[in-house]
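Got chain A; can you put chain B on it based on the hints?
These protein sequence lines map, in sequence, to chains A and B. Sequence positions in the first sequence follow my numbering and run 1 to 569. Sequence positions in the second sequence follow my numbering and run 1 to 603.
Calculated from the structure, these hints are not laboratory results. There could be a bad hint or two in this list.
Taking lysine-lysine pairs in the BS3-like style, the calculated list, with each CA pair at most 25 Å apart, reads [said to hold, decoys possible]:
{"no.": "1", "chain 1": "A", "residue 1": "Lys-71", "chain 2": "B", "residue 2": "Lys-255"}
{"no.": "2", "chain 1": "B", "residue 1": "Lys-234", "chain 2": "B", "residue 2": "Lys-202"}
{"no.": "3", "chain 1": "B", "residue 1": "Lys-202", "chain 2": "A", "residue 2": "Lys-68"}
{"no.": "4", "chain 1": "B", "residue 1": "Lys-486", "chain 2": "B", "residue 2": "Lys-511"}
{"no.": "5", "chain 1": "A", "residue 1": "Lys-124", "chain 2": "B", "residue 2": "Lys-251"}
{"no.": "6", "chain 1": "B", "residue 1": "Lys-529", "chain 2": "A", "residue 2": "Lys-128"}
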Amino acid sequence: MADHKTLKPEGPPDEMERIKEESRYLRGSLVESFQDPITASIPDEDTKLLKFHGSYMQDDRDLRNERKKQKLEPAYQFMVRVRLPGGVATPEQWLTMDSLADQYGNGTLKLTTRQTFQMHGILKWNMKKSIQKMDEALMDSIAACGDVNRNVMSNVNPDQSALHAEVYEWSKKISEHLLPKTRAYHEIWLDEEKVVDGKEDEPIYGPLYLPRKFKIGVAIPPSNDVDVFSQDLGFIAIFEGKELLGFNVAVGGGMGMTHGDTNTYPQLSRVIGFTPVDRVTEVAEKIVTIQRDYGNRSNRKNARFKYTVDRLGVDYVLQELNTRLGWDLESSRAYQFEHNGDRYGWTQGEDGNWHHTFFIQNGRIKDQENYLLKEGLKKIAEVHKGEFRLTPNQNVIVSKVKEEDKAEIQAIISKYSLSDGQQNSALRRNSMACVAFPTCGLAMAESERYLPTLIDKLEEILDEAGLSDDEIIIRMSGCPNGCSRPALGEIGFIGKAPGKYNMYLGAGFTGDRLNKLYRENIGENEILNELKPMLFHYAKDREEEEKFGDFVIRTGYVQAVPSGQEFHS
Amino acid sequence: MHLNVGNSPFNPKQADLLNQLLSSMDHHQKIWLSGYLAASQTTAAPTDDTKKEVQGGVEEPAASRQITILYGSHTGNCETLAEEYTEKLKKQGFQVKLHDMDEYKPKSLKDEEDLLILTSTHGDGDPPDNALSFYDFLFSKRAPKLENVRFSVLALGDRSYEFFCQTGKEIDERLEELGAERLYPRVDCDLDFDDDAEIWWKGVTDKLESSQNKRTETTASTSLQGADRPVYSKKAPFQAEVLENINLNGKGSNKETRHLEIDLEGSNLTYEPGDSLGIYPKNEETLVDELIKEMNWDPELSITVNKEGEVRALREALISHYEITVLTKPLLEKLAAFTKDSSLKDLLESQEQVKTYIYGRDLLDFVKDFGPWEAGEEEFIGALRKIPARLYSIASSLRANPEEVHLTIGTVRYDSYGRKRTGVCSGQCAERTEAGDQLSVYVQKNSSFKLPQDQDAPIIMIGAGTGIAPYRAFLEEREENEAAGKSWLFFGEQHFVTDFLYQIEWQKWLKEGVLSRMDVAFSRDTDEKVYVQHRMMEKSKELFEWIQSGAYIYVCGDEKYMAKDVQDTLLTILKNEGNLSNEEAEAYLTDLRKNKRYQRDVY
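One chain only, chain A, in its complex shape (with noise of 0.2 Å):
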């Protein structure tokens, strides 16, 4: 057992720590500052707290300097990230988030890494406006961001449909469970009356929150789709049959990290034993107050759930959540992942209905000239009568389609030539990249923006290469945050500077190994250089079905990383 000093880290607690202490369970100023109308920004401290309540504030870094030059304020906006556990949007919740981002946002959506709406730019005088038409839709972005448990993500595996839809509800409930019990969100928003001072509580969360952010996600084998164990607390799904049996319990995965500081480090998470299906609940509650308790406060790099459990031991954790719950964990279940990328096109599950997944490029809904990604699946939602649901790799399922409407579908997709992803590269279609400039205050390079671009001068190389079909998992991130999980690239490259990225090789194919540091501070003409014979050589030199990410490990280009704890050594 860790001895004292380890438990509690020590340090004068974190600023953000006062700021929730003093934010009267979330509120803070808000409301005032949403008022004031000579900027369209809202103070530091209150854009802290606003992320408990799903945003961020912005601004179109393109036109920063422009504007300064201009004698104009930063063109600050708003993002709103809803609250859409397991990625299950109604048809009628679609329209009105494409509706929204007409009317408030910047015309576009973003689907997220973690299978929700990101609404991006919209002014502060729109925000209320928004979140009550969310509202309308039964929609919200509670704790979709901060210190709190944020969108729970849940395999979206559609074939299994009965054993899918039993995974979602329990994830569905997990998230609701975990979900702040401040009326802070509705009184700000929706207009509710306040709330009598001192007449509220946080049960599970406390007046501070959590340390960190916290992230739950729940798979069911064989894939791997919502990254399980680059989650801070992950489930896996452990059935027989159609029978869901209970959830293996894994701790402590998480991807971010800051540049120049080893203390800080991408982690995969530990299967640390097995919860029957009625307990799955409980048992997230539980380890989200160890990490509530435990937690670094003091330092909030090192704050993430990952390096609590790094620093108590997997052994602790497991011992101490054993004494919370009142009862021990079983032992861990057999499981095997096989991938962690979507399967695209129609599929039918085992009830018959069917299910279309799109290829949508870094999870962009817009329209183009040549391409009305944006209003073919609005003209989709319009008649659509299942579900949609959004994938852990940023696509988009239009799901439970019976058989009698497929043709209506098929027909839209068709005039819309709606991309399954088929006639793109293997590469493309398992390519992820968060959204970074303009709009990410954190971002250090371009993302979204060019990752297509360095993929079509790739795919030159697979062509010749004869790897146009090979899957390979390439993931970019505009910082070492990591919202696109690109430690968890077999090919991850996470920005340094404009134009400028360190290139991470060798993670696992289903998602089970973090990937190396291969080249630091590159841009494309290296990153070219670099990869060329790279892929050559493994076109040439490859064992049979073995994967670019274990190649390059058994090849020597890199060595293999066993543990977040060695990501830096």
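Coordinates of chain B only, in the frame set by chain A:
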């Protein structure tokens, strides 16, 4: 004899003293004094036979008439002229008083002797703001008979307006109606008023000279005059270098508003917040070339461009000296002589038709429509109006920006009759002026738009669009002076994101307390259009409190809509919050205006 202001050059106090003194003196003393005074005059004044002839001795002082100059001024031209004339008259030994019409008690009109009136006309034939009370009095039943008054009117205007020099014409007519004698006929001046004003001035002074006895004092020397006057003026503009030229509107705006920073180093030009800068623009070269081509003129031909006989090549003359972007009825009438096209004659028969025709058209349209033209280059071009300077409210404080002046210029762009057109000066500033280029500028004073002397007095500033310019100057000045007075700014434009002119500067001043409050109205951000007056109504109670506590109110920007709506709103606020009747509210506002607590710079 008994001296009074009417039969002597002395003011009442002097006359009293002299009456007392003279009545106490004996004959011998009086002779001694007259000799003493006569001797001291000849040494002080240069010998001037004509003056000597008309000079009266003390024993028999000749009647010397009091001259009063009144001006109604909007942009400051009349004010400047009136000041210049007053100085000249004083130096010539006349007894002269100068008044802003607003400061003048119109009841004293009946006591006036020689009355010189300089007034501009505003908008659709309206008097300028500071002439309103005087004008109303003059046309009311209270206006007295003016049988002993002689007068002359100088009217300034712009021929492109239908009611050209209307206020001057009306006052001229009314004074005659009231029984006053016209000393010299009225002269109506167009935008290029210098030459015509000079004609009037000469006419007036000739009459005064021949009919008036001057006071005996003359100026010691004229050599000093040059030193205390700026070298550069409207007549002799300064070639100033542009230091910075920025578009203040963000990407995606419908508008383009230029912020110009101009170097005044070496000019000795000074200004106060509220003053304007005049710029002599240059016509667009492509437009000039098209006109030359259309008229088949020789661009190199020498053209005399002014009465001094200066000569320029035709192309250069058209670029820098003549107005070719605005049509006026008088111009059309002059040019009609050079064409056989009878449709022009038909057009000119109706004022309405002319108005419709000239709206949105320029000289190029006109020469295309009514050619062929039977006139030589010099003849045709000689009929054109000289290109007038454009005035812009200064957006900077000289104290805060020594030897610089900043302007806020809205670019005028529109499509008309199949051609894209730009405002001649705003277009030049937006499209043809870069840092390092030069502009011909002069300072135009505007004493009717000034910060209160009292640094502690609260100010309320209301402006839309480029109307915000002088407020930037005001706040820079107040920041420099560390003025304690509160300030409140109302600003309106189309869109918050792109059109919030000088946004970060207001934000800084708000933070530092230089600006106490700010309310904004962005008309196109909301379903229902919101303008500054709506924001004023929302804050009606507090606004009234500010006004009651002595606040000065400033309005700057568009006259037709904004300034009118703002004034109506002010009246409504006065009525509602002060429980006043319509008349009382009007009187309240008039009072504010007379006390310089309601000042407007509208265009």
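For this session: Verify the proposed pairing of Lys-234/B with Lys-202/B, using a straight-line Cα cut of 25 Å.
Result: Between Lys-234/B and Lys-202/B the Cα gap is close to 19 Å, so the pair holds against 25 Å.
Exercise. Is the straight-line distance between the alpha-carbon of Lys-529/B and that of Lys-128/A 25 Å or less?
Worked result: holds, 20 Å
Exercise. Under the criterion that the straight-line Cα-Cα distance not exceed 25 Å, is the pair Lys-71/A, Lys-255/B satisfied?
Worked result: It holds: about 15 Å lies between the C-alpha atoms, which stays within 25 Å.
Exercise. Given the proposed pairing of Lys-202/B with Lys-68/A, does the C-alpha separation stay at or below 25 Å?
Worked result: Answer violated: Lys-202/B to Lys-68/A is near 54 Å, above 25 Å.
Exercise. Does the alpha-carbon distance linking Lys-124/A and Lys-251/B stay inside the 25 Å limit?
Worked result: holds, 18 Å
For this session: Assess, step by step, whether the Cα of Lys-486/B is no farther than 25 Å from the Cα of Lys-511/B, and give holds or violated.
Result: holds, 13 Å
The structure is inconsistent with hint 3 alone, although it conforms to all the rest.
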